[in-house]
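Undergrad: Listed in order, the protein sequences are those of chains H and P.
All the letters of the first sequence, read from the start, carry residue numbers 0 to 439 under numbering that gives the first Met the number 0.
All the letters of the second sequence, read from the start, carry residue numbers 0 to 251 under numbering that gives the first Met the number 0.
It is possible that part of the hints are untrue.
[Unchecked claim] Dumping the calculated DSS-like pairs for lysine-lysine here, alpha-carbon to alpha-carbon at most 30 Å:
1) H:Lys133 x H:Lys398
2) P:Lys191 x P:Lys126
3) P:Lys150 x P:Lys126
4) H:Lys196 x H:Lys180
5) H:Lys398 x P:Lys126
6) P:Lys191 x P:Lys164
7) H:Lys133 x H:Lys196
8) H:Lys196 x H:Lys398
9) H:Lys9 x H:Lys108
10) P:Lys191 x P:Lys150
11) P:Lys225 x H:Lys398
12) P:Lys4 x P:Lys125
13) P:Lys150 x H:Lys398
14) P:Lys64 x H:Lys398
15) P:Lys164 x H:Lys398
16) P:Lys125 x H:Lys398
17) P:Lys238 x P:Lys64
18) P:Lys9 x P:Lys225
[Stated by the list, open to error] If you want the footprint, here are the derived chain P segments under chain H, 3+ residues with CB under 8 Å:
19) 35-41
20) 62-73
21) 77-89
[What the hints assert, rightly or not] Label-pair distances were calculated between CB atoms; the ranges are:
22) P:Gln107 x H:Val166: 55 to 63 Å
23) P:Asp121 x H:Ala396: 25 to 33 Å
24) P:Val114 x H:His374: 42 to 50 Å
25) H:Asp382 x P:Pro116: 22 to 30 Å
26) H:Glu353 x P:Lys4: 30 to 38 Å
27) P:Glu124 x H:Glu353: 42 to 50 Å
28) H:Ala396 x P:Tyr203: 34 to 42 Å
29) P:Asp14 x H:Gly379: 45 to 53 Å
30) P:Glu135 x H:Glu123: 42 to 50 Å
These are calculated hints, taken from the structure and not from any lab test.
For every residue, glycine included, the Cβ atom is placed at its ideal position computed from N, Cα and C.
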Amino acid sequence: MTAAYIEDFKSLSSNGASLEPKWLRDVRREGIERFAALGFPTPRNEDWHFTSVAPISEAVFNPLRSEAGRIARSTLDPFTFGQSDWPRLVFVNGRYHVGLSTLNMPGAKEGLRVRDLHTVLHEEPALAMNMLGKISPVGDRAFTALNAALMVDGAVVIIPAGFESAVPIHLVFLSDANAAKGVSHLRNLIFAGQHSKATVIESYVSLGDSHYFTNAVTEVSVEAGATLTHYKIQRESQRAFHVHTIDAKQERDSHYVSFSFATGAALSRTNIYTNLAGEGCGATLNGLYMADDEQHVDHQTNIVHAQPNCFSREIYKGILSGSAHGVFNGKVYVHPIAQKTDGKQTNNNLLLSEHARIDTKPQLEIYADDVRCTHGATVGRLDEMALFYMKSRGVSADKATRLLTYAFAADVLETIEVEAVRAELERATLERFTGASTAE
Amino acid sequence: MLEIKDLYAKAGDRDILRGISLSVAAGEVHAIMGPNGSGKSTLVQVLAGNPAYEVTGGSASFNGKDLLSLPPEERAQAGVFLAFQYPVEIPGVSNAYFLRSAFNSIRQARGEDEVDPLDFLDYMEKKLELVDMDIEMLSRSVNMGFSGGEKKRNEILQMAVLEPKLALLDETDSGLDIDALRIVANGVNTLKRPDNATIVVTHYQRLLNYIVPDYVHVLAHGRMVKSGDKSLALELEAKGYDWLVEPQGALA
Ligand SMILES: Nc1ncnc2c1ncn2[C@@H]1O[C@H](COP(=O)(O)OP(=O)(O)OP(=O)(O)O)[C@@H](O)[C@H]1O
Ligand SMILES: [Mg+2]
């Protein structure tokens, strides 16, 4: 329903957005024009070959723009990793929620800024102008174009040069029953200043089993010498739709450490793209996806080695049960000048049922000659001998399956450095395979 | 305690066990010997419930229960333990967690309370001593990177922890140096009680110097071709199997 979004753009332009600065109106106009020209991607588009977005394009989702009312803080407890004191910015149904967010950010004196985009656009438009759309080009990406046209809120995180954050900054995107049949186009902007060190966590979670669509874009600048750890945790309603693109740009000697944990929605697509635009950078992109029943979970990563002497490490694991469909497409692109590139990519998948399916596609494009790049993908089932061995020691079939499944995922979860997050995701993974094949 | 009657089993299209009968009473030690490929491992794997084998005839009862109708975990919970000829490696599952899961699963099945990790560690210390294993082995993944001898000791450790009624030891002596052999044999003998029984599969009479069998059986081409007392093992050591085993073609 391309037309519905164009209508939405018109109503947004004539209402709130009419007072916006010209540069922003230009961003929106360019977005909607590109979206109108591109339409939703079809499986003929190489990047969408294994994922049909028909359930999104054929449905009507209404814009979610109103702020939620009072919500008890304890509502967030299941999603805070037991760390209620971590600074956080909370969005409910696509809009910033003051009541659930941390107001006095630690580090504010040193220049750490964590604010909602809606406020930044109004109060500090120059700041927004310098960041918005600078890293995520619209190009021929339909969902990014749509996001540019219709975004109203999101998180802005600015980590000043030299700042080292002792605790992670948690961005929570919560959807509840009021999100039903709605869509939010979230735009997050993260700036990690020179030689800073911080962790930012994006959690996409639901209360209940609403049917809604999240179309998020996160732009990330990792300045020279900075280390940014960026986790995305997506645990949404089994009826939700989720498309999220993370674009990172890395300057000289920076490190970008990403983890994507996805137990999905009805359909989720996560794009994680990083551009190693300076020498001596490192990128670590790890992830774990688990899907059951009719769920569809798709990850696309793209690591662009644009400069010499950089490394990239990537391990993605997938566990698919029921009739779930997983997709992994890992691109690594090495420019002609990017000599001494050291890249390693692995994607391992475990199929727990006859009807589960995975499409995995590594794509290496290497135009430099002095590089070391490897990749490997596997698809397997649980080891029958290991299952029998455990059962022969009295361990129930169910527990043996659970333990072996967990063991499959354990090493990639171990790469999560923040202990509270690791422990919670380990627990969630172990729990997931309790009892019948249905999810949590 | 164990009553096997005219047992037939196959793997895929291949008939392996062709009419095995064996009766084991509490307190007894039976040794099973026989040429490579004769079906010794198949027999004990079938008793433990390996789904790779299909039972095509006969029966096996354990303390009056129809063993063959139970899933593998219930056989273990009933007190059957198989020390594998080739212990399985399980990456990502620690030996300690595995042992505790097994121990607690068996306790639960008996209606007993689970044991918490700390109490279990105390219990483990004595068991580790018995097989002369370092506690460090508990934090490693099950059998991963263990030497051949360490894997065999780990099997006996599991047996010591689970205290089975019927222990099936499949070539637990193979690949052990003489000290390790003594340790393993000592472990088995320590765990021996009047109300439990042991079947040892071995190629070597030397093990039987330590674990003294009441009966020795020879398995060839899927059948028991001879049974006797411990002197049969000495005779086999001297004469080999040829005098007992007909060429396979003659059986077909
Ligand atoms: N899962 C299986 N599938 C096919 N054939 C099998 C399988 N397991 C065993 N066999 C075959 O059955 C025969 C008996 O094997 P088994 O392992 O029981 O012998 P064994 O007496 O234990 O030999 P060894 O002394 O070498 O350990 C062999 O020929 C073997 O190749
Ligand atoms: Mg054998």
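Undergrad: Against this structure, judge whether each hint is valid.
TA: Status of the hints after comparison with the structure:
Between H:Lys133 and H:Lys398, the direct Cα distance comes to roughly 49 Å. Violation of the 30 Å bound is thereby established for this hinted pair. Distance hint between P:Lys191 and P:Lys126 is fulfilled; the C-alpha atoms sit about 14 Å from each other, no more than 30 Å. Taking the CA atoms of P:Lys150 and P:Lys126, the gap is about 15 Å. The hint holds against a cut of 30 Å. Taken as a hint, the H:Lys196 and H:Lys180 pair is broken in the structure, with Cα atoms around 39 Å apart against an allowance of 30 Å.
Pair hint H:Lys398 plus P:Lys126 holds up; C-alpha atoms about 24 Å apart against a cutoff of 30 Å. Among the hinted pairs, P:Lys191 with P:Lys164 is consistent with the structure: their alpha-carbon atoms are about 9 Å apart, no more than 30 Å. With a C-alpha separation of about 22 Å, the suggested pairing of H:Lys133 with H:Lys196 holds against the 30 Å cut-off. Simply put, H:Lys196 and H:Lys398 have alpha-carbon atoms about 40 Å apart, too far for the 30 Å limit, and the pair is violated.
Taking the CA atoms of H:Lys9 and H:Lys108, the gap is near 41 Å; set against the 30 Å cutoff, the hint is violated. Between P:Lys191 and P:Lys150 the alpha-carbon distance is near 21 Å, which keeps this suggested pair within the 30 Å criterion. As the CA atoms of P:Lys225 and H:Lys398 are separated by approximately 42 Å, the hinted pair breaks the 30 Å bound. Simply put, P:Lys4 and P:Lys125 have alpha-carbon atoms about 38 Å apart, too far for the 30 Å limit, and the pair is violated.
Only pairs whose Cα atoms come within 30 Å are accepted, and P:Lys150 paired with H:Lys398 is accepted, the gap being roughly 23 Å. Proximity of P:Lys64 to H:Lys398 is assessed by CA-CA distance (about 24 Å); at most 30 Å being required, the pair is judged to hold. Annotation: proposed proximity of P:Lys164 to H:Lys398 holds, straight-line Cα distance about 23 Å (limit 30 Å). With a C-alpha separation of about 27 Å, the suggested pair P:Lys125 and H:Lys398 falls inside the 30 Å cut-off, and the hint holds.
Of the pairs offered as hints, the one joining P:Lys238 and P:Lys64 is violated, with about 39 Å between alpha carbons and a cut-off of 30 Å exceeded. Of the pairs offered as hints, the one joining P:Lys9 and P:Lys225 holds, with about 22 Å between alpha carbons and a cut-off of 30 Å not exceeded. Taking a C-beta to C-beta cut-off of 8 Å, the region 35-41 of chain P contributes 0 residues in contact with chain H, too few for the three needed, and the coverage statement is violated. With a threshold of 8 Å between beta carbons, the proposed coverage of the region 62-73 of chain P by chain H holds, since 3 of its residues qualify and at least three are required.
Under the rule that three or more residues need a Cβ within less than 8 Å of chain H, the assignment of the region 77-89 of chain P holds, with 7 such residues. Hint check: P:Gln107 to H:Val166, Cβ distance near 40 Å, so the stated range 55 to 63 Å is violated. Taking the beta carbon of each, P:Asp121 and H:Ala396 are about 30 Å apart, inside 25 to 33 Å as hinted. At about 45 Å, the CB distance of P:Val114 to H:His374 agrees with the hint of 42 to 50 Å.
For the pair H:Asp382 and P:Pro116, the beta carbons lie near 26 Å from each other, so the given range of 22 to 30 Å is met. Range check, H:Glu353 to P:Lys4: about 37 Å between beta-carbon atoms, so the 30 to 38 Å window is met. Between P:Glu124 and H:Glu353 the beta carbon distance is about 45 Å. The supplied range of 42 to 50 Å therefore holds. In this structure, H:Ala396 and P:Tyr203 meet the distance hint of 34 to 42 Å, their C-beta atoms being roughly 36 Å apart.
The hinted range of 45 to 53 Å is not satisfied by P:Asp14 and H:Gly379, whose Cβ atoms lie roughly 31 Å apart. Distance hint check: the CB atoms of P:Glu135 and H:Glu123 are about 57 Å apart, inconsistent with the given range 42 to 50 Å.
In summary, the numbered hints that this structure violates are 1, 4, 8, 9, 11, 12, 17, 19, 22, 29, 30.
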